[in-house]
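S.K.: Protein chains in written order, with my numbering: chain A, -1 to 331; chain B, -1 to 331; chain C, 331 to 545; chain D, 331 to 545.
If you are wondering where the hints come from, they were derived from the structure by calculation, not from laboratory data. Even glycine gets a Cβ: it sits at the ideal position worked out from N, Cα and C. Don't take each hint at face value.
Here are the in silico distance ranges between beta carbons for each label pair [to be verified]:
#1 A/GLY330 - D/LYS451: 51 to 61 Å
#2 A/MET(-1) - C/VAL461: 34 to 44 Å
#3 A/PRO316 - C/GLN357: 28 to 38 Å
#4 B/ASP208 - A/ASP30: 26 to 36 Å
#5 D/ASP490 - A/GLU235: 47 to 57 Å
#6 B/LYS200 - A/GLY330: 41 to 51 Å
#7 C/ASP360 - A/GLN313: 43 to 53 Å
#8 A/ARG288 - B/ASP319: 26 to 36 Å
#9 A/GLU235 - C/GLN357: 40 to 50 Å
#10 A/GLY330 - B/GLY250: 32 to 42 Å
Just a few of them, taken from the derived set where beta-carbon distance is under 7 Å, the chain B residues facing chain A [as the list claims (entries may be wrong)]:
#11 ASN4
#12 GLU12
#13 ALA13
#14 GLU15
#15 GLY16
#16 LEU190
#17 LYS226
#18 PRO229
#19 GLY262
#20 TYR272
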Amino acid sequence: MKKLINSPENVVHEALEGMVAAHADLIKVQFDPTFIMRADAPVKNKVAIISGGGSGHEPMHGGFVGRGMLDAACPGAVFTSPTPDQMQAATKAVDSGKGTLLIVKNYTGDVMNFELAADLVRADGGQVESVIIDDDVAVKDSTWTAGRRGVGATILAEKICGAAAEAGQSLAEVRDLCQKVNAQGRSMGMALTSCTVPHVGKPTFDLPEDEIEFGVGIHGEPGRTRMKLKPADEIVEMLMEPIISDLPYKSGDEVLLFVNGLGGTPQIELYIIYRKALEVAKRAGLKVTRNLVGSYITSLEMAGTSITLLKLDHQLTPLWDAPVLTSALRWGL
Amino acid sequence: MKKLINSPENVVHEALEGMVAAHADLIKVQFDPTFIMRADAPVKNKVAIISGGGSGHEPMHGGFVGRGMLDAACPGAVFTSPTPDQMQAATKAVDSGKGTLLIVKNYTGDVMNFELAADLVRADGGQVESVIIDDDVAVKDSTWTAGRRGVGATILAEKICGAAAEAGQSLAEVRDLCQKVNAQGRSMGMALTSCTVPHVGKPTFDLPEDEIEFGVGIHGEPGRTRMKLKPADEIVEMLMEPIISDLPYKSGDEVLLFVNGLGGTPQIELYIIYRKALEVAKRAGLKVTRNLVGSYITSLEMAGTSITLLKLDHQLTPLWDAPVLTSALRWGL
Amino acid sequence: METMTVNSLDSATVVRWMQHCAETYQQHKDELTALDAAIGDADHGANMARGFTAVQGKLDGLKDKDIGAIFKGVAMTLISTVGGASGPLYGTFFLQAASGANGKTSLTQEEVAADFAAGLKGLMSRGKAVVGEKTMVDALVPALDALKPVANDTLAAALDRAIAAARKGADSTVPMVAKKGRASYLGERSAGHMDPGCLSSVLLLEALKQALPSG
Amino acid sequence: METMTVNSLDSATVVRWMQHCAETYQQHKDELTALDAAIGDADHGANMARGFTAVQGKLDGLKDKDIGAIFKGVAMTLISTVGGASGPLYGTFFLQAASGANGKTSLTQEEVAADFAAGLKGLMSRGKAVVGEKTMVDALVPALDALKPVANDTLAAALDRAIAAARKGADSTVPMVAKKGRASYLGERSAGHMDPGCLSSVLLLEALKQALPSG
Ligand SMILES: Nc1ncnc2c1ncn2[C@@H]1O[C@H](COP(=O)(O)OP(=O)(O)O)[C@@H](O)[C@H]1O
Ligand SMILES: Nc1ncnc2c1ncn2[C@@H]1O[C@H](COP(=O)(O)OP(=O)(O)O)[C@@H](O)[C@H]1O
Ligand SMILES: [Mg+2]
Ligand SMILES: [Mg+2]
Ligand SMILES: [Mg+2]
Ligand SMILES: [Mg+2]
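Make a model of the complete structure from these sequences and hints.
M.R.: The structure is reproduced here in structure tokens:
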């Protein structure tokens, strides 16, 4: 395993120390239990928004803590959901009395840990709501399974709900908005290479030089199918098809097109992906009025990409455009 | 070779098409000759700043075109310097009459092509100055060699000179400022893996699972020495030592610490690097008052890092802080 | 001192159980992780080892308490250190098992069976999985069923039955297509591998067996 | 038609030369790139192939012009399509060679030698490299020296000498530590590899030899 680390045990802790040193103007970091919070939290008269999940997906979520987005992020061990005491402590630190929204990606572990956390917060008399993001069309949705994973739409929900909270919306409003973003967002991803979890020391899966994994998540879990490497344009067609054919897009819709890198994919390739994805979206009659291109929700050093489409409207577009000031996303400030 | 591309020949062209589609609010792209320019160029009463170099280093330079930074960027083929006609056409498009500064990284090809370009512009009656960036302490400096390479300080020079140009400084002032940034900046890099140039199809160098290349540039060229993999903290010590022991830092100096990823290195590792680099800088008595952590000057999907230190002062710090609005760097706007 | 035919569980044994857990999960870390790498995210070994190492660190403060208090301490430690799916699941198991053991420094075999059954019920209502969905439930349900006392039983004998049943349950997950947890994302590709949580459940029971006073 | 003993270079031959260049750089692309991968950045093959393919595309428009105009067209095309170090260097070579060939549709052997020498002078003042620094200069200097006419010479014979000298010069770069260009960043590690630009220079001369009317 080749990584710029000191020891697998210390990866998350040392990275957080570096992160807070680099962004002391934006964030504070607490350890044991561990969370990242806005430097100016709690923010008076504002619903607090907290997310969290395993580490190894940077900049998600810590890179989105700041004005106009998250009040706190709870990082677990690499690819392992955080524990309830983290979310409980974070809530205590950032809730200004207007309540807290927990944005949770749909993984069994995350869901259970956030559920326990919500119970703890409520037991302390706190007001808390949870929204579960499940936008990954690679996974068949069914009440008999763990359901779809939460991937790219998570970041869009964090941005949009952050703006709504900043604008003074109530906990119920921000929760409903989050559910709406989730309902209107769809994602699909693929990998060229595996990633190596630090404490494991070898790649999670072996992928021959000419094969790719299709329908992967963000934890190095194998995808739905393995296939031969294809030109980028074909890969984009295959990613876009299930996204567009799934609910809820129709010709004429305005959408946000988010092309994400999984960590080891250079930006030059992401723009090649974006170019084709835009073409496919246009062919389907969609108007791409907003976009995001970059490595924002990653899987360590995995090479690959995911595409997320979010249907926009008069409510969502201005919230997307609203100012944001975090280490990973900033505009308007 | 596993890349999200369609064909090696079309990588740069398609990426530029995607890039301009994603950032039409910030940039325009011209082909044949190829350059990226500010959407609002030429900007009246402002010295124009142009940089360029081989592609494969994204977001450098195209990602730095916009308000407060570059007026145009000229991308060559992957790892190949652009041709003079590109710089000539870019200058024609963005020079508002106040002259143009060419920021050139010290590679024989870049230097000669920019030299030819400056000749062409002058022949057309244009006013042009060039500054050559050579901040890489991995390379021994000598008048008998090609000299040091230009690496991380390039971006810092582009940002700082962009701010000065925006503030109305003259061509001579901006040129002198660029030389000052270059004189006060030092960099050093290392690689965990090689990269694969698209038209070559296989890694530029082979590196065993337990070895690293020390003192690499940004073109997949081998470094000065090959050695066994070490813990991140040791690697940082080895990168910082030659930077700090070289001119021009002394105890008490304020510096900007730039930890850069070479493309395939996840952000979690960059923060681990930053944490230790900060500690080493402090030990040397340096005050890190500004920083930049991210993959800004890359070598395709190469895993590795480079560290740049820039001595700040009352002139440079406010120029660094000045607003910038580009696809890769933005603050204050 | 315990009698030759052990049929109760006392605080000291519970403490030893937890110590054995810390050791066994450290020892089997790579094996658990390899199973999780095949159909999950390659962290189950690290999760269990981290959790029970933390439990071990708490034992000094717990060892003089009643079994309910020990179980509760174990539960809270697992919940706050494991993360992932297994943390809340095993945590809930011990939390629910604690209720019936409150104030008791020794549990009869019947009480052990009833207590663990309560733990399993909590675990299953937390995870919403039933037998056949390729989760730890496939090992735990038959195992705790086998733990129920029979004529002339000892706790050791019951545990042997439970371990055998857990192993059988674990093996039964190999051909299954996962319906719950992270492995379910793989669909048909999840078949052909044992569920990692089943192995950690087997190890949990084996550690208890090991902790029983020899006799 | 050319006479049996070729000792002049006409426009048609120059056009054929450029066509052969386009073919030879395409054919030897991987070889040039492999040399550049060892001590540079693995693009020399692609650079030369791209440049001379572009030159080939311009030949229709150049073929009826004088040699000066053809060389100038080649120079401008190389400068605007190759990039890297080799683009301005070979571009300058042809640009400077063009001056002496202005208005001429045929060059005597003496004129060829003088013209190429002017080209080399331009190349060397552009790159500031001298012999012994592990660049194309190590092939070109001895080659163009060997090109100078001797008694009873033909252009073909002179080119054979030049090619041999260029190959020898190229071989001489193997043990050298690079002082110029990208290879110089490697310091001592640049020793043990042939300079890629030397090989492209050898190929350039070989293509000219091939282009001569057979005789
Ligand atoms: N809904 C569930 N009910 C019961 N057990 C589950 C459930 N989901 C997952 N598991 C168990 O958890 C194990 C995985 O645990 P672990 O790897 O530690 O967490 P994660 O899946 O979050 O990475 C699986 O092997 C399975 O036995
Ligand atoms: N200063 C110089 N003078 C003469 N030739 C040079 C000089 N620098 C480099 N070269 C030649 O250029 C060749 C490399 O060309 P190429 O790979 O196309 O450009 P780059 O080095 O920019 O990638 C080297 O092999 C060498 O022969
Ligand atoms: Mg996990
Ligand atoms: Mg090059
Ligand atoms: Mg797991
Ligand atoms: Mg080269």
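S.K.: Each hint should be assessed against the structure and marked as holding or not.
M.R.: Here's how the hints hold up against the structure:
1. A/GLY330 - D/LYS451: 51 to 61 Å: holds (58 Å)
2. A/MET(-1) - C/VAL461: 34 to 44 Å: holds (38 Å)
3. A/PRO316 - C/GLN357: 28 to 38 Å: Violated, at about 57 Å.
4. B/ASP208 - A/ASP30: 26 to 36 Å: Since the Cβ atoms of B/ASP208 and A/ASP30 sit about 34 Å apart, the hinted range of 26 to 36 Å holds.
5. D/ASP490 - A/GLU235: 47 to 57 Å: holds (56 Å)
6. B/LYS200 - A/GLY330: 41 to 51 Å: Hint holds: Cβ distance 44 Å, inside 41 to 51 Å.
7. C/ASP360 - A/GLN313: 43 to 53 Å: Check passed, 50 Å falls within 43 to 53 Å.
8. A/ARG288 - B/ASP319: 26 to 36 Å: holds (28 Å)
9. A/GLU235 - C/GLN357: 40 to 50 Å: Because 48 Å falls inside the window, the suggested range holds.
10. A/GLY330 - B/GLY250: 32 to 42 Å: Hint holds: Cβ distance 37 Å, inside 32 to 42 Å.
11. ASN4: holds (5 Å)
12. GLU12: holds (5 Å)
13. ALA13: At about 4 Å, which falls below the 7 Å cut-off, the nearest Cβ of chain A leaves the hint on B/ALA13 intact, so it holds.
14. GLU15: holds (5 Å)
15. GLY16: With Cβ-Cβ at 3 Å, under 7 Å, it holds.
16. LEU190: B/LEU190 check passes; min Cβ-Cβ to chain A is 4 Å, inside 7 Å.
17. LYS226: violated (11 Å)
18. PRO229: At 5 Å from the nearest chain A Cβ, B/PRO229 passes the 7 Å test, so the hint holds.
19. GLY262: Because about 4 Å separates B/GLY262 from the closest Cβ in chain A, which is inside the 7 Å limit, the hint holds.
20. TYR272: holds (4 Å)
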